[in-house]
Amino acid sequence: MLTRQCSRIWKPLQIHYSRRPISRIRHNHTEPTFKTTADLAPAPTRTSRIFIYGFIFGLAGAGLASLSLYYTLKRRESSTLEAILENVASHNRMNERLKTRTVNDAEHTTFWNTPEFKPTVSKSASSRSSGRHFDTLHTNFIADAVQDVLSSVVNITVEVDTSNLFQRKSMVSTGSGFFIDDEGTILTNAHVVSDFAEGGTLVISTSDGEELDGEIHSLDPLSDLAVVKIRHGGTRKWPAVKFATNKDLRPGDWVVAIGNPFGLTGTVTCGIVSSRRRKPSEINAGKDARLEYIQTDCVVHSGSSGGPLINLDGEVVGINTTRAESEGISFAIRVDNAMEIIQALVHQGRVIRPWLGIRMLSLTPLVWSQLKTRGGNELLPFNDDSVGQGGVLITAIYPDSPAHTSNIRIGDVIVSANGSRVRTSGEILKVIGLGVGEPVVMQIRRRAGGKIVEHVVKIVPEELNIFLSDRVEFLL
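In UniProt numbering, the protein residues as written are 1 to 476.
Quick caveat, the hints were computed from the structure, so don't treat them as lab data. Treat the hints with caution; some may be incorrect.
[Stated by the list, open to error] Beta-carbon label-pair distances, calculated as ranges:
1) Gly433 x Ser151: 31 to 39 Å
2) Asp148 x Asp400: 50 to 58 Å
3) Ser302 x Ser281: 20 to 28 Å
4) Leu67 x Gly200: 53 to 61 Å
5) Arg409 x Gly433: 23 to 31 Å
6) Gly433 x Ser281: 18 to 26 Å
7) Ser420 x Leu150: 15 to 23 Å
8) Glu438 x Asp182: 30 to 38 Å
9) Arg409 x Asp148: 51 to 59 Å
10) Gly266 x Glu454: 52 to 60 Å
11) Asp161 x Gly58: 50 to 58 Å
12) Gly449 x Arg276: 42 to 50 Å
We put the CB at the ideal spot given by N, CA and C, even for glycine.
Take these sequences, add in the hints, and give me the full structure.
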């Protein structure tokens with residue numbers, strides 16, 4: 001037992017002293033003797049080996065990265081030069097095709113003769129009717145278009161306190177707007193200021209950096225339009241924009257979008273009109289079927305909503321409202337199409353919409369042919385002569401609505417309203433307008449007993465309650 005314990009003590013000591021120089025374990029004063037210097041060097045550890053290998057591979061990687069950066073810069077320099085040359089060549093070709101164009105001064109007239117709201121509306125809608133000379137290469141035609149409009153564009157900031165017992169925080173949203181009269185009336189999108197209805201502050205920042213308190217005058221979520229007023233504006237005159245009628249607006253015309261994306265005041269982007277008329281159902285924007293949208297390739301980001309879309313005469317043709325997920329596609333509400341709604345928001349403080357309680361489908365030749373192949377001739381008032389004639393098919397009727405109490409049925413086709421021939425649902429909306437309580441006389445076509453007969457029905461529209469979401473689907 002004693003031998004075993006001594007062995008346990010001696011063996012670790014033996015191992016410990018075997019790694020030290022001989023001179024430190026000998027008791028005489030003779031010089032230590034070593035066979036080689038390697039006997040003194042400790043064995044390399046795993047950490048040191050990893051460090052050495054990492055250092056070597058790091059040097060190799062840095063060398064490869066340097067070579068790659070060198071060749072990348074060479075290629076970029078070459079591609080940049082090629083792009084510059086191509087840009088010069090493109091401008092030269094454009095200079096040969098384009099000539100200086102002269103257009104006449106627009107005659108501006110007052111759209112509404114009311115003291116509260118007098119926006120200026122121009123009879124011309126494109127730069128070809130302006131008195132200025134534009135040369136796309138030698139004249140800053142974009143700068144000329146926006147110079148008188150920039151001072152009319154404002155930045156709108158809404159801050160709402162969302163604090164609770166556990167944390168204190170606030171929600172901030174920003175957007176754009178523009179003065180539509182000299183009394184400080186501002187037009188913008190409803191979604192820009194909708195959070196202000198829950199409480200908070202609304203700050204209007206002008207182009208010269210002045211910050212003013214604002215308030216919502218009226219708001220219409222269906223059209224996504226709102227009117228904002230400056231609090232305590234006094235008698236100061238504000239720079240108002242001029243409106244165009246859009247009648248001459250064509251695909252390919254130049255347009256300019258002005259706004260405050262990400263709070264960057266006075267941002268200007270330009271592009272062309274891609275399409276003059278887009279329905280809300282096409283772009284999934286808004287619920288008011290009366291509105292139409294201009295499609296452009298102007299860059300519109302968050303914060304630009306509510307800003308003006310102008311032509312080269314500096315006249316407002318649309319209100320920037322949304323953009324598609326794809327780059328190069330944005331939409332603006334047509335101003336001439338929304339004038340009736342804007343006027344109602346300014347004067348009445350709300351939009352009174354007629355409601356009949358019907359859902360409609362325009363009978364285009366494509367829709368007619370599809371219904372015919374599915375046996376629609378046996379159920380609907382169609383025949384071979386119906387194609388191309390148009391009309392509006394009643395697809396649903398809301399219970400206890402004005403249409404439900406009249407003599408109209410699902411499957412009827414409306415061919416005229418108030419004496420005007422209608423081919424699409426949009427034409428019916430234009431005929432009825434925003435009138436409530438005024439009878440609408442419709443001539444309908446119906447299949448009864450295997451025959452096609454015509455009837456005349458009279459419906460008195462009620463006011464649409466936009467807070468009943470199920471009724472909103474039956475906008476007429």
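- Item | Violated constraints from the hint list, given by number and in increasing order | 7
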